[in-house]
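S.K.: Here are the chains, one letter per residue:
Protein chains: 4
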Amino acid sequence: MSQRTPAYTGVVPPIVTPMDANGEIDTASLERLVDFLVDAGVTGIFALGSSGESAYLTEAQRDTVLDVIVGAVSGRVPVLAGCIETTTHRALDRARSAAARGADALVATAPFYTRTHPSEIDRHFREIAARTELPLLAYDVPVSVHSKLDADQLLALAADGVIAGVKDSSGDDPGFRDLVIGARELPEFSVLTGHEAVVDAMMLMGADGVVPGLGNVDPAGYVRLLQACEKGDWAAAREEQERLIRLFRIVRAVEPGTAGGSTAGVGAFKCALALLGVIDDATPALPMRPFTEVETGRVRAVLEEVGLL
Amino acid sequence: MSQRTPAYTGVVPPIVTPMDANGEIDTASLERLVDFLVDAGVTGIFALGSSGESAYLTEAQRDTVLDVIVGAVSGRVPVLAGCIETTTHRALDRARSAAARGADALVATAPFYTRTHPSEIDRHFREIAARTELPLLAYDVPVSVHSKLDADQLLALAADGVIAGVKDSSGDDPGFRDLVIGARELPEFSVLTGHEAVVDAMMLMGADGVVPGLGNVDPAGYVRLLQACEKGDWAAAREEQERLIRLFRIVRAVEPGTAGGSTAGVGAFKCALALLGVIDDATPALPMRPFTEVETGRVRAVLEEVGLL
Amino acid sequence: MSQRTPAYTGVVPPIVTPMDANGEIDTASLERLVDFLVDAGVTGIFALGSSGESAYLTEAQRDTVLDVIVGAVSGRVPVLAGCIETTTHRALDRARSAAARGADALVATAPFYTRTHPSEIDRHFREIAARTELPLLAYDVPVSVHSKLDADQLLALAADGVIAGVKDSSGDDPGFRDLVIGARELPEFSVLTGHEAVVDAMMLMGADGVVPGLGNVDPAGYVRLLQACEKGDWAAAREEQERLIRLFRIVRAVEPGTAGGSTAGVGAFKCALALLGVIDDATPALPMRPFTEVETGRVRAVLEEVGLL
Amino acid sequence: MSQRTPAYTGVVPPIVTPMDANGEIDTASLERLVDFLVDAGVTGIFALGSSGESAYLTEAQRDTVLDVIVGAVSGRVPVLAGCIETTTHRALDRARSAAARGADALVATAPFYTRTHPSEIDRHFREIAARTELPLLAYDVPVSVHSKLDADQLLALAADGVIAGVKDSSGDDPGFRDLVIGARELPEFSVLTGHEAVVDAMMLMGADGVVPGLGNVDPAGYVRLLQACEKGDWAAAREEQERLIRLFRIVRAVEPGTAGGSTAGVGAFKCALALLGVIDDATPALPMRPFTEVETGRVRAVLEEVGLL
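Quick mapping for you: the protein sequence lines, in order, are chains A, B, C and D.
Its first residue numbered 701, the first sequence is counted upward by one per residue in our numbering.
Its first residue numbered 701, the second sequence is counted upward by one per residue in our numbering.
Its first residue numbered 701, the third sequence is counted upward by one per residue in our numbering.
Its first residue numbered 701, the fourth sequence is counted upward by one per residue in our numbering.
Calculated from the structure, these hints are not laboratory results.
A few of these clues could be false.
What the hints assert, rightly or not - Pairs of lysine-lysine, DSS-like flavour, derived with a Cα cap of 27 angstroms: (1) D:Lys848 to A:Lys848; (2) D:Lys931 to A:Lys931; (3) C:Lys848 to D:Lys848; (4) A:Lys848 to C:Lys931; (5) B:Lys848 to A:Lys848; (6) C:Lys931 to B:Lys931; (7) D:Lys848 to B:Lys848; (8) C:Lys848 to B:Lys848.
Working from the sequences, and respecting the hints, build out all of it.
M.R.: Here it is, written out as structure tokens:
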């Protein structure tokens, strides 16, 4: 086994996008959030991901968000820019914008909306990489794009220099493990998990890092968790992970049967950040709705229980 | 039962988007295709739909396509413009562009990529309608957006003046029938089926018209089919429909296991149109691939069998 | 096109299985139900289907049910016996029992619980047919077995004499139409739809008959509907079909979010039959629950509205 | 946290069911397989599970299998008997047979084939437990039954004394972790994972044991793996787990596109056991097919690579 030197490791939160009550980007809050995360010790920022409401932002808003993040980060950590679009040329448009705005790497999913064959997913990543300069990471998120990236396919793309890493939000443990094992022959390839509730287990397998939506709310907790994992202190890691699982119950604050899973998740993250005073307003983008007072109370109770408030 | 006066009836093909071998929009071919359809007697053109490769076109390409179509149609039939985007504000950006370019109506799906609750789907359509002037049609396409529009919800949106019609590509017959029956109390509400293989059956139930992808290839056939239905000549309708089903086998021309369903469909439509001499090139957008010579031969054989070549 | 002489045509209700409050088979009610159906003019009885709660009955109960039905029918119409089991040898056990009890034909689904390849589905039907004497019908019910029977595969099985017919409850119209068209070369092959809400449309396409769960409640309505279709009186057919759709709203009587789809359907059929006085008790099998008084009231209201009470 | 004393821990393989070339139970091979497993140090035997081809065996074959296993085990370890049936009364029939044959515990899934609400799943387990004496374990296997058991629901059933444990084959890590954490207040409740490729990670979280299909082939490997986990020697655990992952590639021996997932899995286990000389014949039950010579060669190569041959 060669020595691994992956470019992306540690805690890379998929940063949320603060908005005011009218849905306009709140750039001051976004800058504060960047500092909140970087000060806590995160090793990268993933902008315009699912938690960043990329699918809800107009082209102009996406550009604004990226400008603000790159400016606020100011080179302290790498900025990975989501280029999450239905197909190749649309993702390339986002990739060119990201490069022009100073992002350090690109993150793309499989095509969606369309019915796509694995050979077309392969072509998608190869064409994006061939037409751009920045490193490209593959984002495996079947819950959103309704297809699964195959571990063998990803490892082949990595071996060919097409992708520099993967963010795995598939929940497919055997597939993730195949990536980790395969990556031992690919020293620079980064294998990141998106599974915020089992980070200790994924690190035990050999993951390089984590992209936790919940890391917006408690970046320091995830930094401690990874430090414990890196030291091999699995008991401490498990304790920290279980505290974060208690925190993760904020995603159950939404009144059942009244909003979708995206609202439950990103809505709770924004609600918590507003309660913590990091951002001014918890409003999510249309067609999502803001949390009610009752729901906000539930989030507050969880934050108090785990000691964040 | 009140007299029905729906705004959109008859044959409204979801027009494909011709490209050259480099993936650039072929405006001359697109203009010829518009004439081919209008001359055949279609009663509307649905631009930037799934068959129009909307999910594959950049923002600039979408604008170009709409400009060309509106110009070429020149008011002979209404142009419905797809505003198929992940969420509300993104769809609104497309809606504003469509209005500026002279489209006559808007077509939007449920949100996708995100996990969305029915109450959010409802808000999505209401917000789009509230912020635009043009009539809005709902496009029910679970195969692409992975949620189903509920008939009761659509009828409530229609009763409230939010939507002017629906294009149903769900394959859910009982739901479609609920729409047709409910529409009797909504005289101006258009109920269009996207099911090109069972148009006679849907017209028997009471549909107002059809949006057939295959109508790109044989618009005259669909016009004849609807005329037979409107006369109540169900034997003639069935004969024409079965001929179109034989034609529909072009979607099986693609080599099994080598390309996705979107390629099989839109790739075949474009291949057929190129063979018919209506458009210059059959190239689909990335990450799709062009048809091989063997696949093209299969399309040609079908066209010959049904008498189009 | 050769003259068609399919063995199974017309209205073949999937008869429900009356039980007492303890879940024991109520044979007297079952006999009355048989007479209710046969007297209304049905052309066959499908025993031990999904509506017959086959998946809820013990082996002994299944045998009892079949004995009672065959006895009560007494040769007036053919009895088709469901052999709905996870795999081949288990279905064969049911097939042998059905033959011994005097059934006229067998009905089998694709395997379920297991993950099964089309080639294994093919072997499943071929092995059942090879080891039994009675005619075998294929039952396409993806909602229960989670795989879809392919039209080409079914037509090949029919051409080889393996299956004598198909009951299609898939909702896949193009696939059903392929069956109907293909069956023109297979004069004895029966193509039956299970879609009680669009029978007129399916007959227009060329179906041979219908297996309607709702036909338990209003067999005379379905008999009239088919007669209108056979006469080509599509207006009368549509009127009868739409009346049956209003009746079909009994499946919405169950309180939302309190019971599964099987309870909503078969529970409503039994509730209606009890209200009509055909059977004594509406109790469904465990783990389903009986309808509440409120739910029963909703069923009664629908029965009154359509003139059955 | 109270001291945990779960009844079922360690390695509990879901024993396969050897057959001869005609599909008859090979009782001598089954007895040898029992000894092979018990001699390797397994702590229980799960009979009539998915790997045991329960869904493929007739009632008589299931009884035979259980008789042979209980006899061969002869009290050395507990025998858990699958009562995997579509609904409550059918599962109860199996439970009574299992009790009569001397099984030590019962294992039941959620209902399948039917469309079932969570409240009905709850009633299913409660009714089985109320009408039987043996301890009952819940088997969460969405890939087969197409519904997911909810962690909160399972913990409530455990707290009420309805279930004594769970076998989790869902692949839902956060849900599994909720079970593990919740089980700390339920000292006798057994939380077993079915995920043979990530056992170290599941044990790190706090699982009580594993039910590995692959444990049929290399029970000693899984015993070593659990011993390493129990000692907290995570490096040794990972090494053993990764060796077992290499062995697990036997499930890819089947020629792609020629057989279903059940054949790929259970077929490979039986093929390996025949190559190892533990059982006489690798034939799986209809409609599965035996492995070809080429496929058998691939299994042999893997066995050699990991040192089992």
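S.K.: Checking one constraint from the list: CA of B:Lys848 to CA of A:Lys848, max 27 angstroms. Satisfied?
M.R.: Satisfied, since the Cα-Cα distance of roughly 22 angstroms is no more than 27 angstroms.
S.K.: Quickly compare the C-alpha distance for D:Lys848 and A:Lys848 to 27 angstroms and report which way the hint goes.
M.R.: Holds: D:Lys848 and A:Lys848 sit about 20 angstroms apart, inside 27 angstroms.
S.K.: Between C:Lys848 and D:Lys848, is the straight-line Cα distance small enough, at 27 angstroms or below?
M.R.: Measuring from Cα to Cα gives roughly 22 angstroms; hence the hint holds.
S.K.: Starting from C:Lys848, check that the Cα of B:Lys848 is at most 27 angstroms away, please.
M.R.: Roughly 20 angstroms between the alpha carbons, so the hint for C:Lys848 and B:Lys848 holds.
S.K.: Quick one, are A:Lys848 and C:Lys931 close enough, alpha carbons at most 27 angstroms?
M.R.: Given pair A:Lys848, C:Lys931 is violated - Cα atoms ~51 angstroms apart, limit 27 angstroms.
S.K.: Given the hinted pair C:Lys931 and B:Lys931, is their alpha-carbon gap at most 27 angstroms?
M.R.: holds, 18 angstroms
S.K.: For the pair we were handed, D:Lys848 and B:Lys848, check the Cα-Cα distance against 27 angstroms.
M.R.: This hinted pair holds, its Cα atoms lying about 22 angstroms apart.
S.K.: Are D:Lys931 and A:Lys931 close enough, with their CA atoms no more than 27 angstroms apart?
M.R.: holds, 18 angstroms
The structure fails to meet hint 4 from the earlier list, while all remaining hints are met.
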